[in-house]
Every structure is written in structure tokens, then in C-alpha cells.
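Enquirer: Residues per chain, in single letters:
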Amino acid sequence: RKEVEQDPGPFNVPEGATVAFNCTYSNSASQSFFWYRQDCRKEPKLLMSVYSSGNEDGRFTAQLNRASQYISLLIRDSKLSDSATYLCAVKGGATNKLIFGTGTLLAVQP
Amino acid sequence: GAGVSQSPSNKVTEKGKDVELRCDPISGHTALYWYRQSLGQGLEFLIYFQGNSAPDKSGLPSDRFSAERTGGSVSTLTIQRTQQEDSAVYLCASRTDSAGYTFGSGTRLTVV
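Sequence lines, in order, name chains U and L.
Take the first sequence: its letters are residues 1 to 110, numbered as in my numbering.
Take the second sequence: its letters are residues 111 to 222, numbered as in my numbering.
Same shape as in the complex, but just chain U (with noise of 0.2 Å):
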């Protein structure tokens, strides 16, 4: 079983639609948790990082639920521009290598 799991999609959603993705991690031990987006050809780079009481920055929402071992990213009102792939990244137990899911491609249609 991989430490990190993603459904790969593709989520094809239309604009203005709200798309969630959820990523769960297999060590009970992690401490920290984020959300990278990916454009094609692109570096992964920080969206946000995950707290345990959730959070929100704009028209994302993400969230822990630590019994479950998983997270999620609420994307509200999608954007053209939203569209990429979306990792999801877990940091900790016994290291501080942060080990990523495969990511989920969203495709934002006109």
C-alpha cells in the first residue's frame, strides 16, 4: 500500500462548480500535511498547508481528519485558471521526508 493515496482523476468539472479531493496517508505518526498544485511542465508549488482545526484561503478549503488518516481540498466557484494537478504531501512520524500522493488532475471546462 502506497504511504500516500490520490484518485488520479481527471475531475472535469464546468466553471463555477465546487470540486473536492480527498488524499488519505497510511502512518498514524504524520505531523504535517499540504496541498501543491502542478502546472503541466511545471514544479509543484505550495497552495496551502493543512491544520488540524482546517483552513481556508479563498476559494479553498482544506481539511484533517486524523481517526480517518486522510485530507481533503474544497475547491469553491472553479476557475479556468484552477486547472492543474493537485498533490497532496504528508510530513513526519520518525523523518522529516515529505512523501507525496500521484496528484489528481482537475480540468475546469468553459
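It is possible that part of the hints are untrue.
To be verified - Distance condition first, Cα-Cα at most 25 Å in a straight line; then the derived SDA-like pairs of lysine to any residue:
1. U:Lys2 - L:Pro165
2. U:Lys2 - L:Ala198
3. U:Lys91 - L:Leu149
4. U:Lys91 - L:Ala164
5. U:Lys97 - L:Thr188
6. L:Lys125 - L:Phe175
7. U:Lys45 - L:Pro118
8. U:Lys45 - U:Gly92
9. L:Lys167 - U:Asn96
10. U:Lys97 - L:Ala198
11. U:Lys91 - L:Phe155
12. U:Lys91 - L:Phe175
13. L:Lys167 - L:Gly182
14. U:Lys91 - L:Asn162
15. U:Lys45 - L:Gly113
16. U:Lys45 - U:Leu74
17. U:Lys97 - L:Arg179
18. U:Lys45 - L:Lys125
19. U:Lys42 - U:Gly9
20. L:Lys127 - L:Glu195
21. U:Lys42 - U:Val13
22. U:Lys45 - L:Arg218
23. U:Lys42 - U:Glu5
Derived from the structure by calculation, the hints contain no laboratory data.
Fit chain L to the supplied structure of chain U, relying on the hints for placement.
Expert: What follows is chain L alone, placed relative to chain U:
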């Protein structure tokens, strides 16, 4: 520099040759990571340097892969006797304890 710098940006090499990939982290960042991303795949962890501690090499796929970090700054990833399955984008990232991870734009390696 303002960001993580990697060179070369593209490298085409013949099967069996050795290659060296370079990463210049953000000044003051104590931790440096190497990842590999194959076409359509996620990021595969390779190796992690933290200050003067022994590196975490647990992700290196074979003994053909090695990495060094000199003076706590620049890092070089070396792949010996390259194989076609080594073709991928090799990404470097750095961070401080208080900062998130910042990635370089990567080296696209093609083994022909």
C-alpha cells in the same frame, strides 16, 4: 538567488553514460530534498539532507544513484551507467524549519 536553481534544465544522454545534476538551494535553507517525477506520475522521494546530519538515502532506487551536498549548500545528484528507465524530471527542493518546501524547476533527463 531568490529561488532554488537547478542545472541543466534539460539533459539528453546515451544509455550507459554517467550524468550529474546540480541543485543550488535557497540561501539559508538547511534541508534539501531530491525527488524524481516520471511522466504522468507523482513525486518519488530519493534523498534528503538536513544540516550536518547523515542524509536519508532510503529513496534511492539503486546503487547507481548517489548524491552529495557540499558545505551545506549546493547538492549534486549523480546517476551512473544511466538506463532508459532513469528518464524523468529530477526535482530539488529546499526549506528551513519555518518555511515551506520550495522546488526548483527541475532537470528533464532523457536517456536514449
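Enquirer: Could you run down the list of hints and mark each one as holding or not?
Expert: Going down the list of hints, with the structure as the test:
| no. | hint | result |
| --- | --- | --- |
| 1 | U:Lys2 - L:Pro165 | 23 Å, holds |
| 2 | U:Lys2 - L:Ala198 | 20 Å, holds |
| 3 | U:Lys91 - L:Leu149 | 24 Å, holds |
| 4 | U:Lys91 - L:Ala164 | 18 Å, holds |
| 5 | U:Lys97 - L:Thr188 | 20 Å, holds |
| 6 | L:Lys125 - L:Phe175 | 15 Å, holds |
| 7 | U:Lys45 - L:Pro118 | 20 Å, holds |
| 8 | U:Lys45 - U:Gly92 | 20 Å, holds |
| 9 | L:Lys167 - U:Asn96 | 12 Å, holds |
| 10 | U:Lys97 - L:Ala198 | 20 Å, holds |
| 11 | U:Lys91 - L:Phe155 | 12 Å, holds |
| 12 | U:Lys91 - L:Phe175 | 23 Å, holds |
| 13 | L:Lys167 - L:Gly182 | 16 Å, holds |
| 14 | U:Lys91 - L:Asn162 | 20 Å, holds |
| 15 | U:Lys45 - L:Gly113 | 12 Å, holds |
| 16 | U:Lys45 - U:Leu74 | 17 Å, holds |
| 17 | U:Lys97 - L:Arg179 | 17 Å, holds |
| 18 | U:Lys45 - L:Lys125 | 32 Å, violated |
| 19 | U:Lys42 - U:Gly9 | 19 Å, holds |
| 20 | L:Lys127 - L:Glu195 | 13 Å, holds |
| 21 | U:Lys42 - U:Val13 | 22 Å, holds |
| 22 | U:Lys45 - L:Arg218 | 18 Å, holds |
| 23 | U:Lys42 - U:Glu5 | 21 Å, holds |
Hint 18 from the list above is the single one not met by this structure.
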